[in-house]
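Asks: Here the protein sequences come in this chain order: U and C.
Here the numbering used here is used: position 268 in the first sequence is 268, and no number is missing along the way.
Here the numbering used here is used: position 29 in the second sequence is 1029, and no number is missing along the way.
Since the hints were made in silico from the structure, they are not lab data.
Heads up, a few of these hints could be off.
[Unchecked claim] Capping the alpha-carbon separation at 16 Å, the derived lysine to aspartate or glutamate pairs in EDC-like fashion look like this:
(1) U:Lys426 x C:Asp1017
(2) U:Lys362 x U:Asp385
(3) U:Lys397 x C:Glu1050
(4) U:Lys397 x C:Asp1055
(5) U:Lys426 x U:Asp385
(6) U:Lys397 x C:Glu1049
(7) U:Lys359 x U:Glu313
The model shown is predicted, which means the values in this text are computed figures rather than measured ones.
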Amino acid sequence: MKAPWPRVSSLWDSISGPGASGRGVLSGLEAVVPLSSLETGSILGSSLELLRGRCVMLATHSQLPTALALVELDGVARRIVLGTPDLTPEQLAVVAATAEVDVIIVDESGEYPTSATRLVVAPSLTAAAPARRESVQSEWILLTSGTTGAPKLVHHTLESLGGALPRQLPTAATAVWSTFYDIRRYGGLQIFLRAVLSGTPLVLSSADEPVRDFLARAGAAGVTHMSGTPSHWRRALMSGAAGSLRPNYVRLSGEIADQAVLDSLQATYPDARVAHAFASTEAGVAFEVTDGLAGFPASYVGQGTASIDMKVEDGTLRIRSQRNARRYLGDAAGGLVSEDGYVDTGDLVDLENGRYYFKGRKSGVINVGGLKVHPEEVEAVINQDPRVRLTLVHSRKNPITGAIVVADVVLVDGAAAEPALAAQIKQDLLTACRATLPAHKVPAMLRFVPTLELTSAGKLVRPRA
Amino acid sequence: MSVRSTISSVFQQVATDQDRTLAPLSDDLPLTDSGLDSLSFAIVVTTLEESLGVDPFSADEWVEFPVTFGDFVKLYEGAVA
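Okay, chain C solo, but in the shape it has when bound (with noise of 0.2 Å):
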């Protein structure tokens, strides 16, 4: 699975996990228009870690808060690379 099909079913299955409409993900949505909170932010980033094996926010070099959807897949895309 792509790291781009891995984000999205993660963002899928935390949605419904917490009770969260998610808005059609592309490239140009705003995270704060995608209809999950900071916490499911938050599950997101742990549950990836666990499957893709990165946290790109917490590596050494600072980078730069994602504001879109696309933003948020390219760092992982960056990251797993």
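Next comes chain U alone, as it looks inside the complex (with noise of 0.2 Å):
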């Protein structure tokens, strides 16, 4: 490929030595963090020389031992792995065997199913900084869901992940961004990045927290950019306190951004400029639409610039680019990039009056809320049922969370020969959801039907979104 970026060696540098500009801070919810102070404090003190040439999982609540031990880390430890605040123990389990985890990075104490090794950390810096001494390009690890329900471990390194970031921001003097992304999650771990290598004040959110709270934080840290997928974005228009926030730029990415939530936003914040992003976990930053309308220009595809290209095949939109990841861990996860290089996001797009449409995933995946879910794995659960012949999950359009998980049940033969029966089965059905589902993956409508589709091959036919 084109165009190299200049070669980032590590986070390390741009807090201390010739390039850092010092003005980096990274507000939590629990303290107030300069980076500059990571020359004299450090959060893993003198742990950080046993970490070095080591696999290191950071697993903690908080996102801010995780933002400063990554800062430590980088350079330092061979392999970092970002583990996601959702994982139950039996994935964070195949996660550390999968990854090979030496040492595994808490917060707080509790059982962790890993013969790693638990090192547990405070809250923010308590320790003497240890003398720095780089020695290794340390592989970052992301998460991202996998279709068993395991998540999938994806393979970047800080070039590839922040690269094509700005080192000093033209606007820096005022800049301070905030993001609703946990920094453990792709859209997250962006503008944890700009921030570091580009001295920019960072507010960051907290599961704890309401939304309301969130956002009166960030308005009274004077938060000028601000970022989320259109979920998070509709909450905050919901929460009653979006005013409390003075955003000069508001972006979007990691949902399809619909023209609703563009308008509502753009009603809500007029003097600030609303852009949507397009970015996954595999493929990287791809591109920005900032004409304030949903979809992108048809032009965008097919047109290679510096850093990227993108093309459409076979429905879905492919990206390659310096900031594609490279692989994935672990034998069971298949290829990531094609033989020309390519990532297929698996997003499937329509071509309408010379703009690209999404119009969602091609597997079928769904996406509530930013959260994903795999039909199949619904279907296995509500299919146990002895009285179910066949079911069919799928998604719905929903104004507040992007899609929302629906259910179409056959019965078998006379299983709900009166009304009361069915609504017992009904409500049957979904008590073994909730029983063995998270939330977001128990269908907020199931109906019975009397057949479902099927292939000459005796697949179901699945909607395409």
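Two chains, two frames, a set of hints: combine them into the complex.
Replies: Following this line, the structure appears as structure tokens:
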């Protein structure tokens, strides 16, 4: 590929040394930490030396300890795995085994079913800074939902994640960033890296904080740039506290941005630039749309730029760039990049009047407010009931979470001979789903249908988005 | 059943299903204080689309997002009328 970006050696170079701006500040719910204080303080302390060349997984509850540990670990640990807060103990064990994790960093005691050594860290800087010596180019491992419910492990480098981010923002003197995202997810990590690399203050969100309080905290911190999914933004609009924020720049990514949410944000923030971006954990950031319209101009496709090529094949968007992830970890995961160097995003696009519009996921994966649901895992739960013959779980458009899960169920003959019987079966099926699935995977609507269409190969006909 | 009472009963049903404690529903109750989370609201909207036949959020003309329970009821009353 063309146009190499300036090589990033490590995150630490942005904190200390000739290129450092010294302005970055991380504001968490628990503490406010200027990045320059890492020159004298540390979250890992003398333990850092024990992590040299090792595989380290970050699995803290709060984002701030992970943020600080990332700066210390990059260039020291061989592999850094960013654990997401929604991992179940079973998933955590699978991730730790697949990534060959030696040490797991946590901020609260608890049972961690992994053979990795546990290192408990304080919520913020406590120890004296250890001597700094970098020895490796760390692998960065991000997690994304896989087909069987177990996360996929996506291998990035600091260069693929942060190589295209500005080292110094032109508006750096005034910009303050924040994001609804957790920084352990791709969308949030971009904002975190931008903050560290360009020395921009960053206000971190917290899962423990109501959205209204977060907006007030971000507003009080003078946030000018804010990013989140359309669902995050809809929640902010409904909180009644959207006015706490006075952003110059509003960014949406991670889900389909419809015209309604774009218009509503522009009406709420008339002076702000409202942009939506396409990015995925595997493909990286691809492009930003700034004309205020849903979808993206067809001219973006097929026209290679210095750093990115896009094409549409078999209905899905494909992206080739230096921001692509390298590969998946683990044997079962399959290939990430095709032979010609493109990543298939799996996102279906349709061309209408010179613009491409996103139509959902080719795999049928349902995105409920940023959380993925594989129809098959929900169908499997419902199909366990002996009164059920066949189930089709699919997506239904929803203005709050973008999409929601619905189930069409065919019962065995005579199972619902009376309406009261049908009501009882429906209740039983939903109870079974609630007992085994997280709330966002439980069908919001369950209907009985007389039949479901099958292909000639005997497979369920799945609606294309 | 009036639009208001339909909405109230759907709020109650969803709160029960989602194992959430619903605050007493009054017109000035902020939706964020109702006890329902985003997913619950998503289910409320889908359920109301079935029972009332409208989804005012996806109308062609953009509507302001409701902030209180009263706003929410008004939005649906306007859409059904």
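Asks: Decide, hint by hint, whether the structure agrees.
Replies: Each hint, compared with the structure:
no., hint, in the structure
1, U:Lys426 x C:Asp1017, "holds (13 Å)"
2, U:Lys362 x U:Asp385, "violated (28 Å)"
3, U:Lys397 x C:Glu1050, "holds (13 Å)"
4, U:Lys397 x C:Asp1055, "holds (11 Å)"
5, U:Lys426 x U:Asp385, "holds (11 Å)"
6, U:Lys397 x C:Glu1049, "holds (11 Å)"
7, U:Lys359 x U:Glu313, "holds (14 Å)"
In this structure, only the earlier hint numbered 2 is contradicted, and the remaining ones agree with it.
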